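Engineer: Taken in order, these protein sequences are the chains called A and B. Numbered per our numbering, the first sequence spans residues 28 to 89. Numbered per our numbering, the second sequence spans residues -5 to 307.
Hints are computed from structural coordinates only; laboratory data are not their basis. Errors might be hidden in some of the hints.
Said to hold, decoys possible - To give an idea of the chain B side of the interface with chain A (calculated C-beta under 10 angstroms), a few residues: (1) 120; (2) 155; (3) 160; (4) 214; (5) 215; (6) 216; (7) 222; (8) 223; (9) 224.
Source: prediction; values computed, not measured. Glycine included, each C-beta is placed from N, C-alpha and C at the ideal position.
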Amino acid sequence: MAIDYEVPEDKRALYWLGDQLITYRNPVMIVVLLVTGLFAYWTFQLQLVTSFGDLLPQTHES
Amino acid sequence: MKIHNKYSGTFGGANNIVAMMEVKEGTIFTKENLGRIFHMTEGMDTVYGVNHNQIESIGHRTVRHLRVAAGGTLRAEPVMLRAPQTQEEVDSIRRIVHNAENIYGLIVSLDDKAALIRANFIEGRLDYKRIFDEVNAKVVEPFQDANTTVFVAGEPRLYGWVYRYAGDVFWILVVTYCIEWVLRWMYFHDWRGSLRPTLTGVIAAFWGMGFIHLIGLALDPLMLVMPFLITARAVSHAIRCTTATTRNSRSAAGTSAGRSSRRSPSSSCRPSRASSPTRSASWSSSSCRWSCCRSSRSPPRGGSSRSPFRRCC
């Protein structure tokens, strides 16, 4: 969709993206909600673990 | 690192726990107190992941004193082979400790009121929560009384405290969010203005921590502050955006309408059932982006009906 109003040339892509997000807000919202749900599931799979070995560079020469 | 990895099995690594038993009255050289030290050492020896050859205590076999035997030979014998049963054994242990430079002032304090138990843990078998619980159950709690205090320090212990309070951190987060809601309500006087920053914060936290899991990493307790920091930034940005929208709404609505729209940007953009005519006026000229895009009946100034993003901004 072309931009039919005055925009600064260097921000044309940004305005175009804004227009697209508003125009397709429902599909965008659904996608964001789905991805958020997936990440929320992974968040609850996250383990609280401390690995001392991971804190230090095990292969470092010095 | 190579040197550490090569010799840590023999000389000990970085995962040490030091327990100190201190008496308030008297000295440690009594049957009860030496028995406590012996049983505390035994308890430490049974904690999960401990390196049994790197425990240091007058109640452990690794701490020895030299004794000249018949024929001029030297014998290195443990200070305590069992918990002392008689006063003679107690006196013997005190004499040994006071004459051993590797013990007196290092493992036993110079005033005879405290003794140390040092333990090293195997790096591959570190389970901080389990170590913390077992040290409490086997080394600390059974041996404390009015006259005896047990102190424990060390890196595994530090991580254990972090794990112990991880649940409390979650509840602190919940309470903080509730307080934030109240403060934002006092600031915006609108539930949408209060809720938006929370939603953006929660979404940012889900995406961030979900991505950590996705790339195969675990959450380090000492890094717990990072999700908080990122969420705080997301909330801060959301509040700033909402405040900016409020300001635009007021300036676009003019003085009289601006007074009526002071409650919130959203309330000025989409009038409620009980809205006044002045609020409706502010609604028609509002620059509130989302509400205008959804529900404006006539295009606000400076934009066409096809480009709500432009005209709202």
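Engineer: Hint by hint, say whether it matches the structure.
Structural biologist: Hint-by-hint comparison with the structure:
1. 120: 6 angstroms, holds
2. 155: 12 angstroms, violated
3. 160: Constraint on residue 160 of chain B satisfied, holds at 6 angstroms.
4. 214: For residue 214 of chain B, the interface hint holds, since the closest Cβ of chain A sits about 5 angstroms away, which is under 10 angstroms.
5. 215: Holds: closest Cβ of chain A sits about 6 angstroms from residue 215 of chain B, inside 10 angstroms.
6. 216: For residue 216 of chain B, the interface hint holds, since the closest Cβ of chain A sits about 7 angstroms away, which is under 10 angstroms.
7. 222: 14 angstroms, violated
8. 223: 16 angstroms, violated
9. 224: 13 angstroms, violated
Hints 2, 7, 8 and 9 from the earlier list are contradicted by this structure; the remaining hints agree with it.
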